[in-house]
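Colleague: Under full-length UniProt numbering, the first residue of the sequence shown is numbered 1, with each subsequent residue one higher.
Possibly wrong hints are sitting among the right ones.
Claimed, not checked - Calculated lysine-lysine pairs in the DSSO-like style (CA-CA distance at most 30 Å, straight line):
| no. | residue 1 | residue 2 |
| --- | --- | --- |
| 1 | K79 | K42 |
| 2 | K108 | K62 |
| 3 | K137 | K42 |
| 4 | K108 | K10 |
| 5 | K137 | K10 |
| 6 | K62 | K10 |
| 7 | K42 | K10 |
| 8 | K108 | K79 |
| 9 | K62 | K79 |
To be verified - Here are the in silico distance ranges between beta carbons for each label pair:
| no. | residue 1 | residue 2 | range |
| --- | --- | --- | --- |
| 10 | A138 | E86 | 27 to 33 Å |
| 11 | L22 | R46 | 16 to 22 Å |
| 12 | K42 | N97 | 25 to 31 Å |
| 13 | R127 | M60 | 35 to 41 Å |
| 14 | V122 | S74 | 44 to 50 Å |
| 15 | H31 | R123 | 18 to 24 Å |
Derived by calculation from the structure, the hints in this document are not laboratory data.
On a predicted model such as this, the values are computed, not experimentally measured, just so you know.
In this text, a Cβ means the ideal position worked out from N, Cα and C, and glycines have one as well.
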Amino acid sequence: MSVTAILNEKGRQVYTVDPHSLVRQAVRLLHEHRIGAIVVVKPGDRIAGILTERDVVAAMDKYGAACLDKPVSSVMWSKVHRCTEEMSIHDIMEIMNNMRARHLPVEKNGRLVGIVSIGDAVRHHVRAIESEAEHIKAYIAGQDGKTVHL
Numbered sequence: 001m002s003v004t005a006i007l008n009e010k011g012r013q014v015y016t017v018d019p020h021s022l023v024r025q026a027v028r029l030l031h032e033h034r035i036g037a038i039v040v041v042k043p044g045d046r047i048a049g050i051l052t053e054r055d056v057v058a059a060m061d062k063y064g065a066a067c068l069d070k071p072v073s074s075v076m077w078s079k080v081h082r083c084t085e086e087m088s089i090h091d092i093m094e095i096m097n098n099m100r101a102r103h104l105p106v107e108k109n110g111r112l113v114g115i116v117s118i119g120d121a122v123r124h125h126v127r128a129i130e131s132e133a134e135h136i137k138a139y140i141a142g143q144d145g146k147t148v149h150l
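Please construct the entire structure, taking both the sequences and the accompanying hints into account.
Modeller: So, in C-alpha cells, the structure goes:
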C-alpha cells in the first residue's frame, strides 16, 4: 500500500502558514483543527519547514510566552523529511521511526500535495495485516468452507 492510498482516503488538505506568520497564528491553527503539525510554505507551495507541537513546546521553554510573537521561521524545523505519493507505508514508517518524526509532508514535483502522520501509517498498516490474515484464514478453510487439516 502506498502514500497515495492514505491520501485518497483521508484527503489532501494540509494546513499551512508562511514563514513570516507569527507562532501564535500557527498555534491557533494547530488547536482549531486538532492537528499536530503545520507545514510552512513559500510561494508556489514550496516547503520551507514544518512546525510541530514539539517545536512550540521547545520554543515556550526557550523564550517563554514571547515565542508567540516570533515568526514561525525562527522556531520551525527547516530540515524537513518528506515523502512522495509512490512510497510504501513501510518506507514512510521506517523514515518516521529513524528520524523520530510523526508527520511527513508529501511532495510532488517540488510542491506540497499532502501530509501523512504516524497515525495514518499505522492505521493503514494494521488494516493491511488484518486483510492478509483474513485471506490466509479463507485459504486454510478451503473453497467449500471446510477446514483443511494439515
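Colleague: What are the numbers of the hints the structure violates, in ascending order?
Modeller: Hint check: 2, 3, 6 and 14 fail, others pass.
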